[in-house]
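Taken in sequence, the protein lines are chains A and B. If you read the first sequence in numbering that gives the first Met the number 0, its first letter stands for residue 0, the second for the next number, and so on. If you read the second sequence in numbering that gives the first Met the number 0, its first letter stands for residue 0, the second for the next number, and so on.
By construction, these hints were calculated from the structure, which means they are not laboratory data. Ideal Cβ positions, reconstructed from N, Cα and C, are used throughout, including at glycine. This list has only true hints and no planted wrong ones.
Computed beta-carbon distance windows for the label pairs:
| # | chain 1 | residue 1 | chain 2 | residue 2 | range |
| --- | --- | --- | --- | --- | --- |
| 1 | A | Pro308 | B | Ala54 | 50 to 56 angstroms |
| 2 | B | Pro101 | A | Ala237 | 26 to 32 angstroms |
| 3 | A | Glu27 | B | Val128 | 18 to 24 angstroms |
| 4 | B | Asp19 | A | Glu374 | 17 to 23 angstroms |
| 5 | A | Asp309 | B | Pro101 | 34 to 40 angstroms |
| 6 | A | Glu233 | B | Pro11 | 19 to 25 angstroms |
| 7 | B | Val86 | A | Pro123 | 24 to 30 angstroms |
| 8 | B | Met0 | A | Ala217 | 54 to 60 angstroms |
| 9 | B | Ala64 | A | Ala23 | 57 to 63 angstroms |
Pairs of lysine to any residue, SDA-like flavour, derived with a Cα cap of 20 angstroms:
| # | chain 1 | residue 1 | chain 2 | residue 2 |
| --- | --- | --- | --- | --- |
| 10 | B | Lys83 | A | Ala337 |
| 11 | A | Lys277 | A | Arg216 |
| 12 | B | Lys83 | B | Leu2 |
| 13 | B | Lys83 | B | Pro8 |
| 14 | B | Lys83 | A | Gly336 |
| 15 | A | Lys248 | A | His131 |
Next come the chains, spelled out residue by residue.
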Amino acid sequence: MTDSPAPRARIIQGQGDAARIPAARAQEYFEEAWEAAGRALVEGRDTGRCLAIAGEALRLRITGEAMARSILPGLTHHPEAEDVPGLEVRIVDAEVTGESLPEPPWSARAYLARGDVAGLEDGPVRAAGTLHAPTTSIEAVTLYHRESGRAVFWARSGARLSPQERAGPMRYLLSWWLPTRGLNLVHAAAVGRGSRALLLAGPSGSGKSTTSLLALRAGFRFAGDDYVLVRLPEDGSAPRVHCLYASAKVFRAELSRRLPDLAAWADPPHPEEDPGEKATLALAAHAPDQVALDLEVVGLLCPVVRGGPDCSLEPITAAATLRATAPSTALQLPYAGAALVGRLAELVRRLPRRRLALGEDLTRVPAALDAALEELAR
Amino acid sequence: MKLPTYLRPHTPAVKSEILDGELVLIDFDSGAYYSGNHVAGAVWQLLQVGTPSEAVGPRIAEHFADPRAEDDVARLLAFLVETKLVVSAEAPPETLPFELPPAQSYEDPALERFEDMAELLILDPIHEVEEEGWPHRPKS
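One chain only, chain B, in its complex shape (with noise of 0.2 angstroms):
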């Protein structure tokens, strides 16, 4: 899959936080939830300061000293776009100076998706309207 060069959160839809180095997403559009580990909230930091999108592997697989972190980093990226938690980005004026946190054993990046909430945003649910006027679901 080729990527965009640049990506970003696609924010306001997806909101992200770090703690401690790990990730919280939040896609408001799906209703989905993710949990990442310190390395996919690495990915992240450096798509969020406009790090182009084939330098994260190669700067990450650097930092944990690790040569997996190539090909992880590609199948996370591709899964994000795919999922529209990011999208294409114009080329920022400059990529932010951004000094990874200290480098702990190194994990692949997948992230892990939750999607018990997601049925609360299915649109159209109630689509009959009884005769005083209050809409209800069909009896089906």
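So that you can see chain A by itself, here it is in the shape it has in the complex (with noise of 0.2 angstroms):
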């Protein structure tokens, strides 16, 4: 055990500028930046689009081309929406229609490193601010208002939405909407092959994207690298996996050495790009047979980087596997809390698992993901 413990989140009661927001005053604030927005989606003409995210139906209503250009490709790959939207979310481009997001009635002192608002726990309205490294300014401000399913968007410039946000637009805003759907954003990859898939979870660098990329090359369905949408139905029948954004991350250098023949499917590298930054590769655009809507959830593997060239399936305890992917989700989704841990629990309970210890011979992955499937499906 180390002696000291680790620094507490600071809420102030009714003091600075962490103080509580007074739920009537957070419902106040919502209703004005809903009617800005309504506003500015007039001035800006609306672009949007209705998309059923694993059958569930959301509507995004987007103030103009530059804007529409950097959020819809990243979500393309979910069929148009027939049912009624349980989410109406307003996108805003401050560039475009000049209109600046209403001032809030919280500081910008009042931002978690993550993102998220302090003061506004168990309100009506959750907000969080979207912050990419390399850049140091919040580049889109997110407002949800629970009960009602609607939420604001409001960008500082559509046209210059950082890689990491076009990869993954609004992820914020789809955390905390699609648990009320019974779906959940899982930090784990996900491959299959026909309808079966594996879960690949992990803390970041444990080898679950490389892995996941290296599945793809291989021909593997895909749902995701970083994070994936899992619904643990409650009949007790299997877990489904469903990719929510249909895009990898890779860092340059690594496509280079290891994936050359996916550096096609790479974006060029932003403007602004640190040399360090990951690239974005498109698969809605470049392998849309393989971006995989709906599969079903067989086992759970663990990637851990290892020595020697071999790849091997190895003994896993619940609680690692736990541990494996319920920190890294549940702290980094800002509201995400105890109710996420105690399904990842649940699912980690439901399904097999291994861990894979990955070799350096990388030709040896994609022949021990189809052992892992055939042995944990059995």
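Since each chain sits alone in its own frame, please combine them into the complex, following the hints.
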């Protein structure tokens, strides 16, 4: 055990910039931003769409072409929705419309490093700012009104939206809304053959992204390399995984060295991109048949990088498996909380699991995944 | 260290799961998470059912037939209190009956702590606003 406790987030009751925001004030602010977004949509020409994500309909109303070009490619693998949408999102491009986000009832000092706004817990509204390295400015603010199924995504500039946001648009908003429909964002990759999939769980650096990309190159179905959607049916039937974002991210140096045949799928470097940043592979455009909208999950694998040439499957405890995915999922997603951890624990209890030891010879990874699919699906 | 008579998990800030006897804890206030073996899991479950804090060590020592357990459990309970993973509790109406799982070999119940996610919960990394009103990090 280490000696000193970890630092605690500071929520200061009634003082300073992290004071609790009264529910009525949060509600009032949301309505103000919602109305302002509505006016911006009229001025900026609504270029929206209705999509069904894992069968759940949402309506995106988008100001202008620049924002649509940034937001939609990461989501267009989802079919058009036919049902009444359960969520309506008003997406505003401040640069195109000239409309600034109405001043919120919290200061710039109320954001946590993760992006959520301190002081709104348990209220009717959730809010977060999105900030992706290497930029130092919040590029978008998301507001979500839980009870009415309405949201606002207000960005500084649709044309200059970061590569990370383009690859995974509105992740926080979807992590708040989709659980109300029985779907959970999970920090995991997922690949499969036919109708069956493996979830690859592990913290950043464990090898799950590289493993999923090697699988993609070998022709596997692909449901995500970073976040996937998982449904855990209450009737005890098999969990399902759904591709949320048809994109994958890989360091450009790694792409050149290990996956040169996928380089043509990568977006060009962003003008402000740091040389150490990741490229985004647009799979909906380049490998649409491999994007998996709905697969049955037959097992959990926890990759770990080891020495030696071979890949192998090893036993792993349920607790170690939960530790591989629950903390990064629950702590990276604002408001995810204890309920999500409970669902992940249930997922771990239901599924067979193995540790996937990754050797230096990465050509053996696809065969190891096939072996795992066969073994765990029995 | 004098412990409170009763301790309880610090919910809702702390989420616990017991899987095959092993303990996983996530502290949503600090961003730290913890891993504990089957002995730590047994201690946690005894606290959950309202066992008085001074009775936990003897109960574990008897169950695992290992006298080292009393001192080890005392250290663990002090750590749980110090890190606010547990807090003082009211005396429960009754201690719920709880059968410890079949005894395996005894191991020190010390928790392993992980803090790689903790920086996500730091408040106020952004405290300047540009002319257009967008918050940003200071240039330092």
